[in-house]
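**Q** Please model the entire structure based on the sequences and the hints provided.
These protein sequence lines map, in sequence, to chains A and B. The first sequence finishes on residue 316 if you use the UniProt record's numbering, and the numbering steps up by one all the way, no holes. The second sequence finishes on residue 316 if you use the UniProt record's numbering, and the numbering steps up by one all the way, no holes.
It is possible that some hints are incorrect.
Identical chains share a label here; the pair holds if one copy fits it or two copies do between them.
What the hints assert, rightly or not - The list that follows gives simulated cross-link-like pairs (lysine-lysine, DSS-like), each with its CA atoms no further than 25 Å apart:
#1 K195 - K44
#2 K13 - K44
#3 K166 - K44
#4 K195 - K166
#5 K303 - K279
#6 K24 - K44
#7 K13 - K24
Quick caveat, the hints were computed from the structure, so don't treat them as lab data.
Given next are the chains, with one letter for each unit.
2 protein chains.
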Amino acid sequence: MLYIIGLGLSDEKDITVKGLEAVKRCERVYLESYTSILMIPKEKLEAFYGREVITATRETVELESDDILRDADKVDVAFLVVGDPLGATTHSDLILRASDLNIPTTVIHNASILTALGATGLQMYNFGQTISLPFYTETWTPESWYDRLEENLQVGMHTLVLVDIKVREQSEENMARGRLIYEPPRFMSPHTAFKQILLTETSRNPPTGTTSSSEVTEDETSTAPRSTTLLPPDQTLALSLSRIGTSTQRIIAGTLSELAALPEEEFGPPLHSVVIVGKRLHPLELEFAGRWCVGGENGAWWKVGKDVYGVEKESR
Amino acid sequence: MLYIIGLGLSDEKDITVKGLEAVKRCERVYLESYTSILMIPKEKLEAFYGREVITATRETVELESDDILRDADKVDVAFLVVGDPLGATTHSDLILRASDLNIPTTVIHNASILTALGATGLQMYNFGQTISLPFYTETWTPESWYDRLEENLQVGMHTLVLVDIKVREQSEENMARGRLIYEPPRFMSPHTAFKQILLTETSRNPPTGTTSSSEVTEDETSTAPRSTTLLPPDQTLALSLSRIGTSTQRIIAGTLSELAALPEEEFGPPLHSVVIVGKRLHPLELEFAGRWCVGGENGAWWKVGKDVYGVEKESR
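**A** Right, dumping it as C-alpha cells:
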C-alpha cells in the first residue's frame, strides 16, 4: 500500500492519529519537500515517528518514482506531504503511476492553507480561484495571475494569493557546471508580494497622462491597459497571512497601500500568503478581520469597508 | 482557553495528535452538530477521548454561547467541528464572543471537503466559489446557486456543490405545537442533486418552442431565460463525491445526463457532494477522474472531454 499522508500546517503533531498509525506501519517513509516546507527539522519528524525519513526532491518524485513505488504492492510505503496531500498541488502523477502498477493507494487528508485561511474570518465559500505569485526579476514579471484575479474580483470573490517559495534553486554557475549545489531556500514575504501586485497594477493601468512602462516584460498574452483601475491601492482591502495554524500565527489587514508600506520585518518569518478582499464582503467578515487592521479602530480598513465595499460592522 | 478543533472527514482517528492532546486537557467538550455530521456515534468519540461529549445544536451555539464560554478564561473548553473548524462554515461568531469576553482561542485545523476534493484529481487551484444546493420542494426551488455556478463556468472554473443536509428538522405540526421533536436527518444524494440541477437548467433555458414553466417558483431575482444553454446535459462533465476521506470513498464521473440517470443506490450512503467540471480542464485531471467514469474506456466522459472541453488523455 502507498499511503499519501498530509502533515498539516505547522509541526510534527499536526499529523492525524490515523496518519501517524500508518507512518509507524510503513517500511519506507518519504517526505515531499519541493511544493511546500515544514518549518521544523526533519530529525524532529524522525524522532516522533521512530522512522527514518527520506527527503523526496522534485527529481526523486518525477524521475525516481520507481524507487518510491518499489515493492509497494507488498510492503507499506508512506509519502508525506505538507498541508493536504491533494490540496494545493496534487500528486496525481504518482498516484496514476501506482495505479498503472496495480499498487493500492490510500490518501490521508489534512488541513491546508486553502481552508485554514478561514482563520481570517473570511468565508471559504466566497473565495474564487487561487492564484500563485512568482518572484519577479528585472527581466521577468509574469502577470497571468492578474487576469485570474480580475476574474475573481469582477464577481466579488476573495482571492487567495500563494506566494513563491524557492527551494533547491541552483545558481546559474552551478547549473552550467552541472553541480547539484543548491541556494538557501527563499520565501516571498507579504511585503514583496504587495509591492509586486502594485507594480503590475501600475503597469496594467498606468496613471493618466503616462504610457505603459516599456521596461515591464510580459511573458504571456499582453492585455491593453484599461481605463478603470482594478486595484486602487487606497481603496482595495487585503490581508497578510503568516504562519497560519502555528502558535505564532499573524494576520494583518489593511488597504493595499498600507500593507505595502509596512516594513518586511513586520510580517515575521515564513510561511506567508496574501488575500485580496472581494466586494461581496459580509459585515461579520469585515469585523472579524478588522481586529487585526492597520490603525486599529481608526484604521482605513473601516472607512474603505464602508465607502468602497458598502459594508459596516453590525452591532451584536 | 477555548479550543476550536477540526475533526476531519471520517472517524475518531482523523483528529490531529495536537487536537487529541488538547481535547484530553479540556474540562468540557462540545461537538457542533448542525453544519455537518460525523458518521460515527458520539459514544465512539467519548471512548476515544475519555471525555463526555456534549452535543451543541444550533440553539446551543447561538443562544447559549454563554454556557459554552463559561469560565473558559480559567479552564480549557473544546468545541469540536467536523472538517476544518473554519472551512465550510466559519464559527466566527463564537470566536468574536470569546474575544469580547477576553477569552483566548486556539484553532486546530483539519481536513475539509474543500481540499479533500483533490481526491478527484481536479486541482483545487481551478475551483471557483463553492455553492450550496438546498432541497427543493413542490413550491420552493431556490436558484441563486445557478448564477454563482454560471460565474464560475464563464471563466472555466470547476465548482464544488455542497448538497443539503437536514438535521434537527421539525415537522410543521411539531413546530406549531412547540414540541422539540425532530425528524430523522436527511442527506441529499447526488441523484437528487443532479435531478435538481437539470430541473433548474430546463427552467432557466427551456427547450426551443416551449415557454418557461410557470410552476417553478423562484424566491430570488428572476433571470430571463437565455438563448444559450449553460449546462447541456450531454455535454457537461460532472462528478459525484461520496464519503470522501473514508474507507468506502466513491467517486463517479460522467456527463450530467449519465449521472442523473444512475439509481440513487449507486452512490451509497452519505455524505455526498457534487462537482461541475469547468472548461479549463487539464489532461491529467481528465485522466485521473476518468478512471471512475460511467462506461469505462468507452464512456462519454472521454468523447465529451475531447469534443466539448478540447482535452485528451496524454500518453505518459
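**Q** Cα distance capped at 25 Å. Does K13 pair with K24 within a copy, between copies, both, or neither?
**A** Classified as both; 14 Å inside a copy, 15 Å across copies.
**Q** Checking an output row: K195 and K166, CA cutoff 25 Å. Within, between, both or neither?
**A** within (18 Å within a copy, 47 Å between copies)
**Q** Within, between, both or neither: how does the pair K24, K44 come out at a Cα-Cα threshold of 25 Å?
**A** Both. Shortest intra-copy (15 Å) and inter-copy (23 Å) distances satisfy the 25 Å Cα cut-off.
**Q** At most 25 Å between CA atoms: does that hold for K303 and K279 within a copy, between copies, both, or neither?
**A** within (14 Å within a copy, 39 Å between copies)
**Q** Have a look at K166 and K44 and pick one of within, between, both or neither, based on CA distance no larger than 25 Å.
**A** So K166 and K44 pass the 25 Å test inside one copy only (23 Å; across, 44 Å).
**Q** Using 25 Å as the alpha-carbon threshold, which applies to K195 and K44: within, between, both, or neither?
**A** Cα proximity of K195 and K44: none, with 36 Å in one copy and 51 Å across.
**Q** Reference check for the pair K13 and K44, CA-CA at most 25 Å: within, between, both, or neither?
**A** both (10 Å within a copy, 22 Å between copies)
Violated hint for the displayed structure: number 1, the only one.
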